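*Asks:* The residues making up each chain are set out below.
Number of protein chains: 4
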Amino acid sequence: MTRVRVRYAETDQMGVVYYANFFVWFELGRTDLLRGAGSSYRDLERQGCSLPVVEARCEYRQPARYDDELDIRTTGALLSPVRVRFDYQVVRASDDVLLAGGHTVHAALDAGGRPRRLPDHVSQLLVRTSGPAAASGETAGPIGPDEGASDRLRTVRRR
Amino acid sequence: MTRVRVRYAETDQMGVVYYANFFVWFELGRTDLLRGAGSSYRDLERQGCSLPVVEARCEYRQPARYDDELDIRTTGALLSPVRVRFDYQVVRASDDVLLAGGHTVHAALDAGGRPRRLPDHVSQLLVRTSGPAAASGETAGPIGPDEGASDRLRTVRRR
Amino acid sequence: MTRVRVRYAETDQMGVVYYANFFVWFELGRTDLLRGAGSSYRDLERQGCSLPVVEARCEYRQPARYDDELDIRTTGALLSPVRVRFDYQVVRASDDVLLAGGHTVHAALDAGGRPRRLPDHVSQLLVRTSGPAAASGETAGPIGPDEGASDRLRTVRRR
Amino acid sequence: MTRVRVRYAETDQMGVVYYANFFVWFELGRTDLLRGAGSSYRDLERQGCSLPVVEARCEYRQPARYDDELDIRTTGALLSPVRVRFDYQVVRASDDVLLAGGHTVHAALDAGGRPRRLPDHVSQLLVRTSGPAAASGETAGPIGPDEGASDRLRTVRRR
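Residue numbers (my numbering), protein chains in the order written: chain G, 1 to 159; chain B, 1 to 159; chain S, 1 to 159; chain X, 1 to 159.
Hints were generated in silico from the structure; no laboratory data involved.
These figures come from a predicted structure and were not determined experimentally.
Hints are supplied without guarantee of correctness; some may be wrong.
Simulated DEER-style distance windows between Cβ atoms [said to hold, decoys possible]:
#1 G:120 / B:114: 38 to 44 Å
#2 B:15 / G:37: 23 to 29 Å
#3 S:67 / G:120: 36 to 42 Å
Reference listing, derived: stretches of chain B covered by chain X, where coverage requires no fewer than 3 residues with Cβ under 8 Å from a Cβ of chain X [claimed, not checked]:
#4 6 to 17
#5 20 to 29
#6 109 to 118
Note that beta-carbon positions come from the ideal geometry of N, C-alpha and C, so glycine has one too.
If we strip away everything but chain G, and leave its shape as in the complex, we get:
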């Protein structure tokens, strides 16, 4: 899990966090997920494996505000040997309210920009972290009008 505190720089004149900044927090979430399994993204890049984003999506439920402490909860799943998906929930730490949810999809590329398989230790990590849902093929989707969203929401609130 990743804890961030909202920076003044991240707010806009609406008095809340500017929407694009949630994608920066998503980056922190997936970075910490990889790091937690002993495989920092920095090391991955040094080994000639980059993970550019090919798709990104976020749904916004409640605004995030300056100085709020937020938790970014991230899971990962292999979509194919050369493609990975991360799902994120942004939860306000003080009261466990879900502010936003989303996902990103990444291609695995080698140093020359060609598709390559993820290193085994990363693939295994992703299977593990995505757990039963991924195993059954129901990788976590975006929150919102898709099935499963209300379940996930309940899960968050229950904690």
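Let chain G serve as the given structure and place chains B, S and X on it in line with the hints.
*Replies:* For chains B, S and X alone, coordinates are given in the frame of chain G:
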């Protein structure tokens, strides 16, 4: 249409534009769309109508690079009296290649944060700009694995 | 003290942190300094006291890189009843090397945008944190070609 | 000269532009200055010459607001064969009011990170752009009540 030149600040160490910055360009696209119809977003806010983002999505096809000139092509559609959707294509100006596409959905809120109808001149603008596709219910979707994407892509390349 | 880890979003295509982002870290430094004394900047604003920046300066010695852990060391000093200065050092946590130093000067304004005195508990905090140097009128200057810089640098390296 | 329109993303909850973003506009100013002389910074980097910032400073007089059109007026001067300085003024286009001024100092480095002389056509450009106006003492200096400013200004002006 909106023309931007990629800023150094927008690149990352992969040597391309950081993915969250496309959403900033989307903001410029919808702002110019509104302005072009005589209704700047600044004026909307002053009249007590804000349009916070409730959903955002982008698909990335080709990287954008430092100093590239890009065109943001934006269309808008009313989803309901209190909800609007904008669709975006980011096209490299030098060779008309589509780099990315996406959309945002916005709630229309009054100064107190309650849902409100968009001003008429904005609603009419959106119907006009989204044109026949919107009229027939096929609002432009994100590029990618959905039907219609290849059509839109051809349209872009043909120009 | 403030600990940050460099975000991918903060790098640029030179492979290092984009220079403007150091000023965002400065913001985190002064925010934590105030919070540490029981006076968060968020509360200050709610009490009708804002501290807009009137001057900002940074000198860059060594680049900061993706995933580096950095410490922002911040001191504050009252320049007048309505003006405050913060000085910052950005130090790489792994080897205590000074990467950059700088300062910001802020006006204290009331809710109407007029100059106002800082709340007493903040003024007292600033005198305390800036210590003897501030008391004697030698507020910490930017690192660089001014006297005192090499002293401060030694202080950092000694720790 | 560089014209920008303030982005929503650049504002903060104080309702004005966040202070670090002025340094992004400075980047646009120096980039356009180089480009105007037929030497884009992108080409410079490709030729193995980068210009990392070693010092940056800004003084803020009036806030910049969302949707404002601003002009960034930039001049450049060689401080030594391997060091260059740019001075900036940020002016609101609608009424020509100076919002902020500042400068950056840059080292010229080769692809290996060692100091190198600037290409001749760039050096000549810098001399030229600081040129006659500088001779007459009207180049844009940093605004502000700091001692030393007038000295620095003279230095710039002399070259």
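*Asks:* Next, verify each hint and record whether it holds.
*Replies:* Now for the hints, and whether the structure bears them out:
Our hint of 38 to 44 Å for residue 120 of chain G and residue 114 of chain B is violated, since their Cβ atoms are close to 53 Å apart. Checked against the given bound of 23 to 29 Å, the beta carbons of residue 15 of chain B and residue 37 of chain G, roughly 27 Å apart, stay inside it. Checked against the hint of 36 to 42 Å, the C-beta distance between residue 67 of chain S and residue 120 of chain G comes to roughly 22 Å, which is inconsistent with it. Only residues whose C-beta sits within less than 8 Å of a C-beta in chain X count toward coverage, and the region 6 to 17 of chain B has 3 of them, enough to reach three; the restraint holds.
With 3 residues having a beta carbon nearer than 8 Å to a beta carbon of chain X, the region 20 to 29 of chain B meets the requirement of three or more and the stated coverage holds. Evaluation of the coverage hint for the region 109 to 118 of chain B: breached, as 0 residues show C-beta separations to chain X shorter than 8 Å, against a requirement of three.
Hint check: violations occur at hints 1, 3 and 6; the rest are consistent with the structure.
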